[in-house]
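Enquirer: Take a look at the letters that make up each chain.
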Amino acid sequence: MEKDRIAVSVRGVAKSFGGTRILHDIAVDILEGSVHALVGENGAGKSSLGKIIGGYYTPDEGSVTVLGQPVQHYSPREALGMGVAMIHQELQLVPELTVVQNVFLGRESHRLGVLVKGDLARFEALEKTCAFGLNPLAKVADLRIAERQKVEIMRAIAREAQVIIMDEPTSSLTEDEADRLHEVIRRLTAQGKTVIYVSHFLDHILANCDRVTIMRDGRVVRTDPIAGETKQSLVDSMLGQKSDIMWPDLPPAPPPETPPLVELRDASTDAGLKGVSLMVRPGEIVGLIGLVGSGRTEVARALFGADALSGGEYRIAGELQPRMTIRRAAQQGIGLVPEDRRKQGLVLTQTTRPNVSLATLDAISRGGVLNTGREVARTRRMIEHFGIVPPHVDGEVARYSGGNQQKVLLAKWAVARPRLLILDEPSRGVDIGARQRIHEFIVDMAREGVGILLISSELEEAINLSHRSYLMSEGRIFAEGPSSGLTVESALHRVFLEQNRRSQQKEALAP
Amino acid sequence: MTDTAAKPGLPARRLSAGDILRDYGILIIIVVLIVALSFASDSFLSARNLLNILNQSAPLFIISCALTLVIIGGGFDLSTGAVFGVAAVSAGWIAVNVDPYLAIVAGPMIGLALGTLNGVIITGFNVHSFLVTLATSLVYRGIAILISDGRLIPVRIEEFSWLGRHRIGMVNVAVIVTFAVMLLMMFILNRTKLGRAIFAVGGNEEAAILSGIRTNLVKIFTFAMSGAAAGLAGVITVSRISMAEPQAGSGLEFEAIAAVILGGTSIMGGAGAVWRSMAGVLLIALIGNGFNILNVNPFYKSLTTGVIIVLAVALAATKPRR
Numbered sequence: 001m002e003k004d005r006i007a008v009s010v011r012g013v014a015k016s017f018g019g020t021r022i023l024h025d026i027a028v029d030i031l032e033g034s035v036h037a038l039v040g041e042n043g044a045g046k047s048s049l050g051k052i053i054g055g056y057y058t059p060d061e062g063s064v065t066v067l068g069q070p071v072q073h074y075s076p077r078e079a080l081g082m083g084v085a086m087i088h089q090e091l092q093l094v095p096e097l098t099v100v101q102n103v104f105l106g107r108e109s110h111r112l113g114v115l116v117k118g119d120l121a122r123f124e125a126l127e128k129t130c131a132f133g134l135n136p137l138a139k140v141a142d143l144r145i146a147e148r149q150k151v152e153i154m155r156a157i158a159r160e161a162q163v164i165i166m167d168e169p170t171s172s173l174t175e176d177e178a179d180r181l182h183e184v185i186r187r188l189t190a191q192g193k194t195v196i197y198v199s200h201f202l203d204h205i206l207a208n209c210d211r212v213t214i215m216r217d218g219r220v221v222r223t224d225p226i227a228g229e230t231k232q233s234l235v236d237s238m239l240g241q242k243s244d245i246m247w248p249d250l251p252p253a254p255p256p257e258t259p260p261l262v263e264l265r266d267a268s269t270d271a272g273l274k275g276v277s278l279m280v281r282p283g284e285i286v287g288l289i290g291l292v293g294s295g296r297t298e299v300a301r302a303l304f305g306a307d308a309l310s311g312g313e314y315r316i317a318g319e320l321q322p323r324m325t326i327r328r329a330a331q332q333g334i335g336l337v338p339e340d341r342r343k344q345g346l347v348l349t350q351t352t353r354p355n356v357s358l359a360t361l362d363a364i365s366r367g368g369v370l371n372t373g374r375e376v377a378r379t380r381r382m383i384e385h386f387g388i389v390p391p392h393v394d395g396e397v398a399r400y401s402g403g404n405q406q407k408v409l410l411a412k413w414a415v416a417r418p419r420l421l422i423l424d425e426p427s428r429g430v431d432i433g434a435r436q437r438i439h440e441f442i443v444d445m446a447r448e449g450v451g452i453l454l455i456s457s458e459l460e461e462a463i464n465l466s467h468r469s470y471l472m473s474e475g476r477i478f479a480e481g482p483s484s485g486l487t488v489e490s491a492l493h494r495v496f497l498e499q500n501r502r503s504q505q506k507e508a509l510a511p
Numbered sequence: 512m513t514d515t516a517a518k519p520g521l522p523a524r525r526l527s528a529g530d531i532l533r534d535y536g537i538l539i540i541i542v543v544l545i546v547a548l549s550f551a552s553d554s555f556l557s558a559r560n561l562l563n564i565l566n567q568s569a570p571l572f573i574i575s576c577a578l579t580l581v582i583i584g585g586g587f588d589l590s591t592g593a594v595f596g597v598a599a600v601s602a603g604w605i606a607v608n609v610d611p612y613l614a615i616v617a618g619p620m621i622g623l624a625l626g627t628l629n630g631v632i633i634t635g636f637n638v639h640s641f642l643v644t645l646a647t648s649l650v651y652r653g654i655a656i657l658i659s660d661g662r663l664i665p666v667r668i669e670e671f672s673w674l675g676r677h678r679i680g681m682v683n684v685a686v687i688v689t690f691a692v693m694l695l696m697m698f699i700l701n702r703t704k705l706g707r708a709i710f711a712v713g714g715n716e717e718a719a720i721l722s723g724i725r726t727n728l729v730k731i732f733t734f735a736m737s738g739a740a741a742g743l744a745g746v747i748t749v750s751r752i753s754m755a756e757p758q759a760g761s762g763l764e765f766e767a768i769a770a771v772i773l774g775g776t777s778i779m780g781g782a783g784a785v786w787r788s789m790a791g792v793l794l795i796a797l798i799g800n801g802f803n804i805l806n807v808n809p810f811y812k813s814l815t816t817g818v819i820i821v822l823a824v825a826l827a828a829t830k831p832r833r
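Protein chains in written order, with my numbering: chain E, 1 to 511; chain D, 512 to 833.
FYI, nobody ran anything at the bench for these hints, they're computed from the structure.
Errors might be hidden in some of the hints.
What the hints assert, rightly or not - In the SDA-like style, the derived pairs of lysine to any residue whose C-alpha atoms are separated by at most 20 Å in a straight line are:
id: 1; chain 1: E; residue 1: Lys51; chain 2: E; residue 2: Ser16
id: 2; chain 1: D; residue 1: Lys704; chain 2: E; residue 2: Val376
id: 3; chain 1: E; residue 1: Lys139; chain 2: E; residue 2: His182
id: 4; chain 1: E; residue 1: Lys343; chain 2: D; residue 2: Ser552
id: 5; chain 1: D; residue 1: Lys704; chain 2: E; residue 2: Lys139
id: 6; chain 1: D; residue 1: Lys704; chain 2: E; residue 2: Arg328
id: 7; chain 1: D; residue 1: Lys704; chain 2: E; residue 2: Asp362
id: 8; chain 1: E; residue 1: Lys343; chain 2: D; residue 2: Ile778
id: 9; chain 1: E; residue 1: Lys51; chain 2: E; residue 2: Leu93
id: 10; chain 1: D; residue 1: Lys704; chain 2: E; residue 2: Arg366
id: 11; chain 1: E; residue 1: Lys51; chain 2: E; residue 2: Glu32
id: 12; chain 1: D; residue 1: Lys704; chain 2: E; residue 2: Ser365
id: 13; chain 1: D; residue 1: Lys704; chain 2: E; residue 2: Leu93
id: 14; chain 1: D; residue 1: Lys704; chain 2: E; residue 2: Arg107
id: 15; chain 1: D; residue 1: Lys704; chain 2: E; residue 2: Glu32
id: 16; chain 1: D; residue 1: Lys704; chain 2: E; residue 2: Thr372
id: 17; chain 1: D; residue 1: Lys704; chain 2: E; residue 2: Gly333
id: 18; chain 1: E; residue 1: Lys343; chain 2: D; residue 2: Ser777
id: 19; chain 1: D; residue 1: Lys704; chain 2: E; residue 2: Val369
As the list claims (entries may be wrong) - Label-pair restraints from in silico Cβ distances:
id: 20; chain 1: E; residue 1: Gly367; chain 2: D; residue 2: Asp530; range: 33 to 39 Å
id: 21; chain 1: D; residue 1: Met754; chain 2: E; residue 2: Arg381; range: 56 to 62 Å
id: 22; chain 1: E; residue 1: Asp236; chain 2: D; residue 2: Ile778; range: 45 to 51 Å
id: 23; chain 1: E; residue 1: Ala14; chain 2: D; residue 2: Asn806; range: 57 to 63 Å
id: 24; chain 1: D; residue 1: Asp534; chain 2: E; residue 2: Gly228; range: 39 to 45 Å
id: 25; chain 1: E; residue 1: His110; chain 2: D; residue 2: Asp534; range: 43 to 49 Å
id: 26; chain 1: D; residue 1: Thr829; chain 2: E; residue 2: Gly368; range: 46 to 52 Å
id: 27; chain 1: E; residue 1: Asn371; chain 2: D; residue 2: Ala551; range: 24 to 30 Å
id: 28; chain 1: E; residue 1: Asn371; chain 2: D; residue 2: Pro809; range: 49 to 55 Å
id: 29; chain 1: D; residue 1: Met754; chain 2: E; residue 2: Arg374; range: 32 to 38 Å
id: 30; chain 1: E; residue 1: Arg374; chain 2: D; residue 2: Asp530; range: 47 to 53 Å
Just so it is clear, the structure is predicted and the values come from calculations on it, not from any experiment.
Every residue, glycine too, gets a C-beta built ideally from N, C-alpha and C.
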């Protein structure tokens with residue numbers, strides 16, 4: 001295979017939205033059969049560039065050439081016709097249909113429009129390339145995110161896509177699943193297909209991509225082979241200045257004799273917790289480490305009263321909580337920053353101010369009547385405190401970037417002054433600047449005596465930002481200890497070891 | 512601290528001409544219609560005619576105001592016409608057989624109770640409000656028929672009919688009541704905790720739950736308000752026409768929903784305003800009045816109103832969703 005043929009060539013491309021220019025004079029060549037990374041902070045323009053190549057946006061200026069053909073009136077449909085498929089961050093599948101129906105959606109085997117047999121055979125043929133091991137007759141709604149992503153990839157291959165754009169493909173995957181995705185990517189490129197890989201995860205990029213284009217403020221900073229790059233060199237180019245991924249200093253851990261703020265003892269839930277015991281002390285940051293699906297979110301839900309305990313005990317400040325509800329949890333000062341901020345956290349039809357106030361309406365009202373003056377002043381303080389941009393009290397949150405949306409959500413709990421704050425993936429999908437601000441916030445809250453339970457798929461974050469951590473697997477906690485004794489590698493190693501041990505046990509039990 | 516999001520990727524937050532047309536288009540249409548009608552007819556732009564329009568539509572105004580709360584809260588109320596009917600015949604019966612003042616109070620109270628029942632069923636069984644109110648509208652209409660025994664109830668009692676017929680100075684009592692309801696609904700929606708909660712429940716129920724808001728109570732409240740308003744509207748109508756009939760208010764639920772949507776309140780919930788619904792009712796009323804004044808064949812009235820609603824909704828749908 002020739003290595004130097006150009007699959008996609010972007011020349012002088014510019015794009016504006018509503019008077020704001022988001023891409024300036026972009027020039028990138030993407031080599032055929034390579035994995036090409038697009039990196040940059042949120043708002044740097046990497047997703048927009050991906051969407052231009054994928055046909056979702058039409059450039060205002062410049063040209064795009066795909067596999068030697070210049071592109072004019074371009075739409076996702078025409079892009080697909082030219083061999084370019086895009087796999088979105090939010091997957092676009094029909095949940096009520098089966099895997100095979102989704103893979104061949106719009107391309108079913110048919111005779112005069114009447115469906116005929118044959119899709120399953122075509123699926124088997126595809127499976128030879130992909131080796132995903134998906135059940136073609138499973139309903140997509142029942143699949144996990146990683147598996148749904150595989151369905152999307154199969155769909156792209158079924159349409160004979162030569163260039164596949166993946167927007168944040170690993171953001172909802174566990175490390176293990178991400179590894180498997182990367183294997184698939186390697187198989188695809190070995191067959192001469194080209195992958196454009198848009199991501200925040202620098203480790204994944206360094207390990208799996210051939211070349212990288214770094215973007216900043218809507219411009220290309222540089223395009224280089226990945227070989228000479230380090231995390232630091234990428235970050236430096238993304239930020240435009242020397243900077244480190246800095247972990248803020250943690251406040252001193254509360255002494256071990258401090259009575260716990262919340263405590264689960266041998267707690268089980270129908271959602272999948274099996275005899276979990278854990279505690280968080282005031283002013284302590286506790287990390288929950290485990291793969292997606294290991295029960296981390298379920299611990300959060302149990303503590304927040306969203307799932308009732310089917311066994312075991314839950315105590316808040318020593319007091320037994322026999323029938324916990326979300327409302328009771330909120331009343332006792334437990335806050336939750338949920339995993340999916342758009343679906344579970346923000347009211348996108350509303351502006352910044354009501355979003356910040358939502359959990360603390362009592363504090364700014366008397367007899368049910370809001371004190372708007374106090375509310376505006378308080379919101380303004382929060383906007384300043386977190387550096388929320390744009391700094392409008394009644395800004396349209398729906399149009400904010402991920403990082404700023406997350407800051408609005410954190411502001412909601414900062415004004416609430418909770419006793420325990422549960423953070424589920426607090427820095428997912430936000431840029432480095434916002435991430436550092438979020439980290440500072442976590443540490444500040446702990447310093448003020450708030451107990452914090454931190455859940456993060458980025459092990460580095462969970463380890464470096466916590467005093468103590470619990471390791472989880474399959475709904476159980478299998479180890480606990482000070483986070484200073486952990487590294488990403490050692491934690492991962494132990495998680496995988498535990499997984500193996502348990503699956504061997506299961507096998508041993510099976511007849 | 513780098514705040515990258517300040518820079519590209521974020522659309523400018525300026526109001527374009529398109530945004531203004533979308534957000535305030537209904538007002539522009541109303542102004543245009545008023546100007547056109549006042550040129551077309553000398554009698555249109557008189558205080559008497561304008562007050563008359565308001566007075567005639569007072570029941571629809573009242574229902575639409577309260578319905579706005581339901582729709583912003585992510586709900587749907589198809590039972591307002593039937594609640595109107597129950598309140599009408601109950602008030603008529605009470606006015607004749609018990610006490611006319613009690614009848615005036617009883618109408619909205621009965622509406623409040625029926626609306627609350629809607630809310631309790633919706634939240635208790637977790638069924639979509641569309642289905643529940645569709646069913647209860649049949650039940651309530653049946654109750655109205657049972658109460659009146661299927662007959663008209665004539666109510667010619669001065670202590671009762673002042674509500675629908677009297678004026679204070681130039682202004683009809685019904686118009687004053689309408690404005691009171693409007694101000695109350697605006698106050699609830701914009702100035703109270705409850706109003707915030709209604710927006711949050713309609714905009715993102717899960718976020719509201721996770722913020723510790725009792726979303727079920729909030730929903731029940733909106734349906735209770737809608738019911739009370741329908742009851743009040745029923746009493747005003749009976750008092751005006753001196754007659755209570757079990758089929759009173761049929762179809763009113765659709766007119767009210769049309770007015771709310773026409774005003775620009777989102778059918779998806781989470782966004783909207785009481786003034787919008789008022790504007791929606793006013794537009795529908797102006798179209799009707801225009802037909803009368805200009806002596807146009809009234810057969811075209813329904814068609815015209817329908818076309819305008821489709822246009823207004825289509826215009827609102829051009830708003831980019833995020």
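Enquirer: Lying within 57 to 63 Å: is that true of the beta-carbon distance Ala14 of chain E to Asn806 of chain D?
Expert: Given range 57 to 63 Å: holds, Cβ gap about 58 Å.
Enquirer: Check whether the Cα positions of Lys704 of chain D and Lys139 of chain E lie no farther apart than 20 Å.
Expert: Cα-Cα ~42 Å, so violated.
Enquirer: Measuring from beta carbon to beta carbon, are Asn371 of chain E and Ala551 of chain D in 24 to 30 Å?
Expert: violated, 49 Å
Enquirer: Does Ser365 of chain E sit within 20 Å of Lys704 of chain D, going by the straight-line distance between their CA atoms?
Expert: holds, 7 Å
Enquirer: What's the verdict on Lys343 of chain E and Ser552 of chain D, does the C-alpha distance respect the 20 Å limit or exceed it?
Expert: Given that 20 Å is the threshold and the Cα spacing comes to 53 Å, the pair is violated.
Enquirer: Need the status of pair Lys704 of chain D, Val376 of chain E: alpha-carbon distance at most 20 Å?
Expert: Roughly 15 Å between the alpha carbons, so the hint for Lys704 of chain D and Val376 of chain E holds.
Enquirer: Do the alpha carbons of Lys704 of chain D and Val369 of chain E lie within 20 Å of each other, as the hint requires?
Expert: Roughly 6 Å between the alpha carbons, so the hint for Lys704 of chain D and Val369 of chain E holds.
Enquirer: Is it true that the CA of Lys704 of chain D sits at most 20 Å from the CA of Gly333 of chain E?
Expert: This hinted pair holds, its Cα atoms lying about 19 Å apart.
Enquirer: Would the pair Lys704 of chain D and Arg328 of chain E pass a check requiring their Cα atoms to be no farther apart than 20 Å?
Expert: holds, 19 Å
Enquirer: Does His182 of chain E lie within 20 Å of Lys139 of chain E when you go C-alpha to C-alpha?
Expert: Not satisfied, since the Cα-Cα distance of roughly 24 Å exceeds 20 Å.
Enquirer: Taken at face value, is the distance from the CA of Leu93 of chain E to the CA of Lys704 of chain D at most 20 Å?
Expert: violated, 39 Å
Enquirer: Indicate whether the distance between the beta carbons of Asn371 of chain E and Pro809 of chain D respects the range 49 to 55 Å.
Expert: Once the Cβ atoms are compared, 51 Å apart, the range 49 to 55 Å for Pro809 of chain D and Asn371 of chain E holds.
Figure legend: structure checked against the earlier numbered hints; hints not met, in rising order: 3, 4, 5, 13, 14, 15, 24, 26, 27, 29 and 30.
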